[in-house]
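Engineer: These are the residues of each chain, in order.
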Amino acid sequence: MLIFIGPDYGDLGLSPEEIQQRMGKWFAWSEKMNAAGITHKGEALLAPVRRITGTERTITDIASSEVKELVGGYYIVAAKDLAAATEIADDFPDYDLGGSVEIREVMVFDN
Amino acid sequence: MREQQLIDHLFRHQHGKMVSILTRIFGLSNLETIEDAVQDTFIQAMVAWRNKMPENPEAWLTKAAKNRTIDLFRKLSAEQKRIPKIESGPAAIALNDLFLDNEIADSQLRMIFTACHPILNPKDQLSFALKTVSGFSSKEIASALLLKEETVKKRLMRARKAIAAKDIAFQIPQGPDLPERLNRVLEVLYLIFNEGFHSNKKELLIRKDLCGEALRLCKMLLKNTFTRQPKTYALFALMCFHSARLDSKISAENELIDLKNQDRSKWYFPLIKLGDSAMVKATETNEFSSYHYEAAIASEHLTAKDFAATDWDKILEWYKRLHELQPSPFNFLNQAIVQLQRKDYTAVLALLKQIDPKDLEQRAYLYYGTYAEFHLAKKHKKQALEYMEAALKLVKNESERQFLLKKKGQI
Numbered sequence: 000m001l002i003f004i005g006p007d008y009g010d011l012g013l014s015p016e017e018i019q020q021r022m023g024k025w026f027a028w029s030e031k032m033n034a035a036g037i038t039h040k041g042e043a044l045l046a047p048v049r050r051i052t053g054t055e056r057t058i059t060d061i062a063s064s065e066v067k068e069l070v071g072g073y074y075i076v077a078a079k080d081l082a083a084a085t086e087i088a089d090d091f092p093d094y095d096l097g098g099s100v101e102i103r104e105v106m107v108f109d110n
Numbered sequence: 000m001r002e003q004q005l006i007d008h009l010f011r012h013q014h015g016k017m018v019s020i021l022t023r024i025f026g027l028s029n030l031e032t033i034e035d036a037v038q039d040t041f042i043q044a045m046v047a048w049r050n051k052m053p054e055n056p057e058a059w060l061t062k063a064a065k066n067r068t069i070d071l072f073r074k075l076s077a078e079q080k081r082i083p084k085i086e087s088g089p090a091a092i093a094l095n096d097l098f099l100d101n102e103i104a105d106s107q108l109r110m111i112f113t114a115c116h117p118i119l120n121p122k123d124q125l126s127f128a129l130k131t132v133s134g135f136s137s138k139e140i141a142s143a144l145l146l147k148e149e150t151v152k153k154r155l156m157r158a159r160k161a162i163a164a165k166d167i168a169f170q171i172p173q174g175p176d177l178p179e180r181l182n183r184v185l186e187v188l189y190l191i192f193n194e195g196f197h198s199n200k201k202e203l204l205i206r207k208d209l210c211g212e213a214l215r216l217c218k219m220l221l222k223n224t225f226t227r228q229p230k231t232y233a234l235f236a237l238m239c240f241h242s243a244r245l246d247s248k249i250s251a252e253n254e255l256i257d258l259k260n261q262d263r264s265k266w267y268f269p270l271i272k273l274g275d276s277a278m279v280k281a282t283e284t285n286e287f288s289s290y291h292y293e294a295a296i297a298s299e300h301l302t303a304k305d306f307a308a309t310d311w312d313k314i315l316e317w318y319k320r321l322h323e324l325q326p327s328p329f330n331f332l333n334q335a336i337v338q339l340q341r342k343d344y345t346a347v348l349a350l351l352k353q354i355d356p357k358d359l360e361q362r363a364y365l366y367y368g369t370y371a372e373f374h375l376a377k378k379h380k381k382q383a384l385e386y387m388e389a390a391l392k393l394v395k396n397e398s399e400r401q402f403l404l405k406k407k408g409q410i
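As they're listed, the protein sequences go chains A and B. Going letter by letter, the first sequence gives residues 0 to 110 in numbering that gives the first Met the number 0. Going letter by letter, the second sequence gives residues 0 to 410 in numbering that gives the first Met the number 0.
If you are wondering where the hints come from, they were derived from the structure by calculation, not from laboratory data. Treat the hints loosely; a few may be bogus.
Stated by the list, open to error - Below 16 Å or equal to it, Euclidean Cα-Cα: the simulated EDC-like pairs (lysine to aspartate or glutamate) are:
| no. | chain 1 | residue 1 | chain 2 | residue 2 |
| --- | --- | --- | --- | --- |
| 1 | B | 377 | B | 343 |
| 2 | B | 138 | A | 10 |
| 3 | B | 222 | B | 299 |
| 4 | B | 230 | B | 275 |
| 5 | B | 80 | B | 166 |
| 6 | B | 138 | A | 17 |
| 7 | B | 342 | B | 310 |
| 8 | A | 24 | B | 7 |
| 9 | B | 153 | B | 166 |
| 10 | B | 51 | A | 42 |
| 11 | B | 51 | A | 10 |
| 12 | B | 153 | B | 31 |
| 13 | B | 200 | B | 399 |
| 14 | B | 51 | B | 31 |
| 15 | A | 31 | A | 90 |
As the list claims (entries may be wrong) - One-sided and incomplete, this derived list gives chain B residues near chain A with beta-carbon spacing under 10 Å:
| no. | residue |
| --- | --- |
| 16 | 9 |
| 17 | 13 |
| 18 | 43 |
| 19 | 47 |
| 20 | 135 |
| 21 | 161 |
| 22 | 208 |
To be verified - If you want the footprint, here are the derived chain A segments under chain B, 3+ residues with CB under 8 Å:
| no. | region |
| --- | --- |
| 23 | 16-29 |
| 24 | 85-96 |
Backbone N, C-alpha and C define an ideal beta-carbon position, used for all residues, glycine too.
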């Protein structure tokens, strides 16, 4: 699983032109994976965060502007090992916006 | 792969459309909220389309804009902001109709006229138009107009305040107000265009963006019966003629190439054709604007199959007529340059003597450069060098300095 972490797009003040270009980069990445036969699927997450903590189930609503690092979405990709996944993550489009990718292996139970 | 390609500038143009429609619904007093809301829609689209683009992106965005409208109604009434009552009855345009193509165009024209409203500071008009009509960000405006981003933000703020304070109507002016208001709109488009065409400090991409924007907005004016006037056609023709040469003006090394040395095969002929047909429409009148003459001059240059074949007599005639309409020291300078080509050196000197280089401001180097050319033509090498030195002292722009240095080397 590739987990995308970084600032919320809405807080970056991107222009329509930049948004369109950014989208083009995501398309390109997705297409590159398709071309290489790498299956990938995932979701994008909306910015507002509701956090529930403790036995008291304390609810905190967090606006995106309060956090620098926000999980913005994820892809589950088919990769044979960590190195292969790292290579896939090389094309993640948002490094220049301060974004990062965390790679986690999904545990497979064999029974 | 192709199917995932979006039309160039789709978001930028769509931004302009959406802001205009929503402003027509909610009024200029809510402009900032509207701009934020439209921005949100694009962010949403970017994320939602990450894996799969909708089949009709424009329709998706329009639908999103409609949904935004409803959201905004809720938001603004919750904040107890002033929102217009949506009229009902046969006279009112239904909300849905505002999203039809002709109504969108109408809303955009209203926005153009608002941006060029005489109560706004002329300096603010350009920034404001690029922001609200063309969907540029402050950062993009700053790099397009060679300003600091802070300055742009101040200008936008000042424009918004002026609009709010004077409570100006979001309308296309009618009747006796129209001619003067239209003149200002044309002027602003002309300025936007020139920012793209003449500044060599900018990247070619930014320059093309500005020229393209000015052309697009001018075309919008041509689609409306009130603003479709001979001078609008003339301005459009002028922009087409100049744009056709934009690529050949700059070498791969970003060096300036003068008309004499441009590769004429690089000119973009479809634009020249478009300009020609606009010129036919523009001349269906006896009343010529400065754009008519400028377009005529540009066209004359494009008609010549090479530099030597340029019809300098005709160009001189157009400059003289332009001068009657709009006297300027630059016109004298241009006439002097034309006379230099016609080898009428007495006329060159007489014209140059009428110019006070101070009036040319940061372009005074052109005056000294022309003097240098004059002396060169007369084989006064020493004076030619002196004047070229004077020109070099004044030139600020790097590519123009290189250009002058090259010329100096040839003396």
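Engineer: Now, for every hint given, state plainly whether the structure supports it.
Structural biologist: The hints, checked one at a time:
The straight-line distance between the Cα atoms of residue 377(B) and residue 343(B) is roughly 11 Å, inside the 16 Å bound, and the hint therefore holds. Distance restraint check for residue 138(B) and residue 10(A): the Cα-Cα separation of roughly 15 Å lies within the 16 Å cut-off, and the hinted pair is therefore satisfied. Under the criterion of a C-alpha separation no larger than 16 Å, the hint pairing residue 222(B) with residue 299(B) is inconsistent with the structure, at around 27 Å. For the hint linking residue 230(B) to residue 275(B), the alpha-carbon distance of about 14 Å falls within 16 Å, and the restraint holds.
The suggested pairing of residue 80(B) with residue 166(B) holds, with an alpha-carbon distance near 15 Å, which does not exceed 16 Å. This hinted pair checks out: residue 138(B) and residue 17(A) have alpha carbons roughly 11 Å apart, not beyond 16 Å. As the CA atoms of residue 342(B) and residue 310(B) are separated by approximately 13 Å, the hinted pair is consistent with the 16 Å bound. The hinted pair formed by residue 24(A) and residue 7(B) meets the criterion: a straight-line CA distance of about 14 Å does not exceed 16 Å.
With a CA separation close to 20 Å, the supplied pair residue 153(B) and residue 166(B) exceeds the 16 Å bound. Simply put, residue 51(B) and residue 42(A) have alpha-carbon atoms about 12 Å apart, close enough for the 16 Å limit, and the pair holds. With a CA separation close to 24 Å, the supplied pair residue 51(B) and residue 10(A) exceeds the 16 Å bound. With a C-alpha separation of about 14 Å, the suggested pair residue 153(B) and residue 31(B) falls inside the 16 Å cut-off, and the hint holds.
Of the supplied pair hints, the one linking residue 200(B) and residue 399(B) holds, its CA atoms being roughly 10 Å apart against a limit of 16 Å. With a C-alpha separation of about 31 Å, the suggested pairing of residue 51(B) with residue 31(B) is violated against the 16 Å cut-off. Proximity of residue 31(A) to residue 90(A) is assessed by CA-CA distance (about 9 Å); at most 16 Å being required, the pair is judged to hold. For the restraint placing residue 9(B) at the interface with chain A, the shortest Cβ-Cβ distance is roughly 6 Å, inside the 10 Å limit, so the hint holds.
For residue 13(B), the shortest C-beta to C-beta distance to chain A is roughly 7 Å, which falls under 10 Å, so the interface hint holds. Against a cut-off of 10 Å between C-beta atoms, the interface hint on residue 43(B) holds, since the closest Cβ of chain A lies about 9 Å away. Residue-level restraint check for residue 47(B) holds (minimum Cβ-Cβ distance to chain A is 7 Å; threshold 10 Å). Proximity of residue 135(B) to chain A holds as hinted, the smallest CB-CB distance being about 6 Å (cut-off 10 Å).
At about 23 Å, the closest approach between the beta carbon of residue 161(B) and any beta carbon in chain A exceeds 10 Å, and the interface hint on this residue is violated. Because the smallest distance between the Cβ of residue 208(B) and any Cβ of chain A comes to about 8 Å, under 10 Å, the interface hint for this residue holds. Under a criterion of three residues with beta carbons nearer than 8 Å to beta carbons of chain B, the stated coverage of the region 16-29 of chain A is upheld, 10 such residues being counted. Residues of the region 85-96 of chain A lying with their CB closer than 8 Å to a CB of chain B number 0, which falls below the three-residue condition for coverage.
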